[in-house]
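Engineer: So you can see what is in the structure, the chains are spelled out below.
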Amino acid sequence: MTTTPTARVTPYFRTVQLLQQYGVLVALALLILFGALRYEGFLTSYNVFTVLGYNSMFGLIALGMTFVIMTGGIDLSVGSVAAFASVVAALLSPYGLWPALLGAVAAATLLGLINGLVIAYLNILPFIATLAMLLAARGLALMLANNESVSADFDHGFTAFGQGTLGGLPFTAIVLFVAFALGMVVLRLTRFGRHVLAIGGNEEASQLMGLPVRRTLVWVYVLSGALAGLAGVILASQFGAGQPTEGLGWELTAIAAVVVGGTLLTGGSGSVGSTLVGVLLLGIIFNILNFENGRGTISLSAYWQSVIRGAFLLIVVILQNRLTRNRQG
Amino acid sequence: MSGPETLTPPVMARSRRPRRQSSALLGPLLALAALFLFNALFTPNFLSAQTLNVNLTQVATIVIVAVGMTLVMATGGIDLSVGALMAISGALAPMLFLHPPLGSPGLGLTLAFVLPVLAAGAFGLFNGMLVTRFNLQPFIATLVLFIAGRGIAQVVTNGQLQTFSEPAFQYIGLGRPLGIPFQVILMVLVVALFAWIMRRTVFGRQVLAVGGNEAAARLAGVPVGRVKLAVYGLSGLLAGVAGLIVIAINASSDANQVGLNMELDAIAAAAVGGTALTGGRATIVGTLLGALIIQLIRYTLLARGVPEAVALVVKAVIILVAVYIQRQRR
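Going line by line, the protein sequences match chains W and G.
Position 242 (the first sequence) corresponds to 242 in our numbering; numbering is contiguous.
Converting from the second sequence to our numbering requires adding 329 to each position, the first position being numbered 1.
Pulled out of the complex, with its shape left as it was, chain G reads as follows (with noise of 0.2 angstroms):
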């Protein structure tokens, strides 16, 4: 994190980013805006407490994941292996906690909540590693463990299903401090701590100019390598992060299900939020919206009982919308 002050000169960085940012996220934002308004309208019950939480606790590992997702995409980079990690880290978990090391219940809790997270880090490091170090493509790099992570969650727990009642670990995917889900919560915290990464910080900055240009960056500096290792781990780690909390909310940890097609949801939140996939450009703000419209459009589909199949194929002209209009305005 100790690039020269050079990089980006901090006047130009201050007048023009929040600018651009903020007029990237009118269209996400406007876009959410009817649909909450359709629902307001049309959707019986729409605007209930109990309909908001169902709506956020449904989003908010899919925000968590797509949040370390859209700083991948900032370098250009994508990460197909999110699902298979939070299967590892789902997998790892209930092992600690239903077989305690040492006999001790309160040390195989609090390490199922940082040995799975770390080993998910660490998979994230070895996806940057394969990305920086052995030049891979990130697709190719990255498509090693979207194969391999999930069938090593499948040897460890030997593909049977873990059940458990554990209230002290659920508490993350079932906890309600106030009324308010807990994971949503963490969903805040998460996105709220990156917008500010991303806006504030020098990382942040390094992490677009990896994108935008590498070899312009590395010229100036930014040292790129450590970047790229650096948004693959974050993106291991929070994949970690949800992967617990799936597990919590079903009492349950099936490595064949557990973050299945993750990669595409987070890929897709990030995309119609604004981030582009050719690097460079991100908004985490922008992904929040982007989960918000992909889960509130499946929402009313599925109010209105229109079948989960036809949901999809809308997801899927929801996405090609989005994108088109986005490149129209670069």
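Pulled out of the complex, with its shape left as it was, chain W reads as follows (with noise of 0.2 angstroms):
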């Protein structure tokens, strides 16, 4: 059973591929033609705004987490920096947009360098590391913010940012974009990118290769700061403040779009664009049930949001499950 013969898996192995990998997007695609058949003003480009706009927070931090993920790791910590990167831009939008956005940026992404550090050098479990600094960042916060909320500047452009356009396209929108493209580049094309595949594969292995092993873990914690901090701009520019105690549970609903992405937990393997479809197909999902809501077919209150998510990444695990199963016989 954990053997498997070469020559037999090709074949399934390819169409078990194909199935995880297009699964999702076959699933996205059919969702969208139901909303588009279904509802008026569906495909109106203000609701796909609404939708890419609030999803390109999860987004970017779906992103690290899948390089993180990749590794065979896990960022428990990325909605409390998130939370931590707003405040600081907040407080920096007096100063206009670019101090604020890389102040913030790169504060978070210092927080993403401690927990790489950590999880390299010290041998702490990522599970642990990264849950001290959930607890230390949400602090840090708080401690910045006074602990309430802190209005940002609104004379500076900073609140462009997360509610402009360019192009007509919004800009948080365009950054997600720009933000996936990079990551797929960087996966297939770089040695960085290898690297990270070959760690999650196996790291003893990589290690005895001679792979940098430490510092592609240290990179890839700081690189899902960063985007954990890009985030908390986007929510302090969104929401026209830095808000200490936002971002609970978005590490959770990140891992959940890359696993619905089709990216193991067990790392080695998985890819930057189902990570993008599996973030739209949840956000598209809640989309659906506004919609419903709207028509008053249903009416389901907003509590019912989180047992229609849990059940629908019920349904995908256990299905991507059935379907590595018959791979391996």
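Be aware that a few hints might be false.
[To be verified] Taking beta-carbon pairs under 7 angstroms as the criterion, some of the chain G residues facing chain W (in silico):
| # | residue |
| --- | --- |
| 1 | V473 |
| 2 | A645 |
| 3 | L649 |
| 4 | V652 |
If you are wondering where the hints come from, they were derived from the structure by calculation, not from laboratory data.
Glycine included, every Cβ here is placed at the ideal spot set by N, Cα and C.
Dock the two chains into a complex; use the hints.
Structural biologist: In structure tokens:
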């Protein structure tokens, strides 16, 4: 069961891989088709941009999480790091957009660096190290903000970042797509990307082959921290305030999106594009629920959303699991 | 529980395990003693029954949940759903005694103690089934109820706060037989029972065997699936009990708040107490000590006027240091 003869597996493996990668894509396409046929206004730019704008924060965090998970790690701290960055951004917003943006991302990157150093050089499990950072970043955010939300400056272009458009497209959607495009290039075409996959596949072997395992691990958490910081800036900019108590449970939403996209939590494989599909899939399910509520055919309270999200995650992971088990014979 | 006797040679188990456990407890014990001494010397009114009660009352629910978490972690798993299960149990109980079935208050009250805990246990079994039957990773399997569980509690109560005054029910949160808070007695009983189970019963050894090397345990005839199912079920039951205590103390049940972040506290307590996240090593008494250490640090900082926000950062550093020291020893 554990050793699979390659000759027999190859055709299976390819079908399964295709199903895993494109199954989610097909599901997304079907959902969009369903929405477009059923609801007026589903495919209007207003609705599309609302979905993209709102999900850009989860998307950025999920992108960083994809790299972390591909090394076989996990980053539980992203939600509170984003909250921390949103406070830093709001505090710096009177100096203009760029200082706020760069300052907040730099601060979040520093926290990611600490995660990476603790994991790579103190050999503490990613789960525990980033759990500690989850607490610490929340504490730092509350300290900086004096336990309340910090209003952002509206006069120096900061809030335009989260709410503005460029050529008709919302800034946040552009940031999201550019980040994912870069992520794809980095994973598929750079040495760093290959190292990430190799470490997740077999850390010991990677070490023996002379790959810079520790350095790669540090970079992965730095990347995750930086992207969480960017999400925090969007948060502050969209809400017009730094929110030290926001971001609760974001890490698990991001992990869910990565898993729905088909990246295995054990590391070593995965794709950046699938994560984007996972994020959009989860986002569109809610969008459709909102439309259904609007039509009055059902009246599900907001409380149903998390139940449905959980049920959906369950269905997807069980289906994925069935597929992987077929592969193993 | 009918594992073959050949699993762990009793002689080996006797001679090795107790010593290893006591050495693992030494660090947390010393840390706790140091904290206690520091407070006794520098914190005014620390050595009073009231301070002791406050600390023990605040830590009781965490310990009860963390004991279940320790079992799950001992099998190499994790249970992210405990906080959500507390919310479910906490949401169900008031419904039973506020609207007693068959119009009988006595029946409603009795059921309020039993049904919510059983419901949480059933959800725990559901987690276990996802892990064993569907082969999902524990993190993902319990993530499902982490996301959906609180939603279920909110749907059941329509998101509304249930307030009540029901002394007989609230006894589990407010009662003080012989001056000792009732939930502290419950905590001690739970710790004693599970410490005994882990050390002296076949089931306890099977739990460690599954976490130590699942394939080997399976070959040795350990019913791996049933053991895993049981630990997630027990974790759910204990979370259910903790949910009842929390709402009894508050005299209200808020599905949005009950058990929030409890999974993190429980995991941290177990990790600081010396239970390995990778499985195969667990100490219930260590978990108790871990929870007490975290609680006492928090109390110390707050008593000295350090803001809660700073206390969070310190807590993070303590967790890292404790886990780092334990890694060194292994």
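Engineer: Checking against the hints above, which ones are violated?
Structural biologist: Going through the list in order, the structure violates no hint and respects every one.
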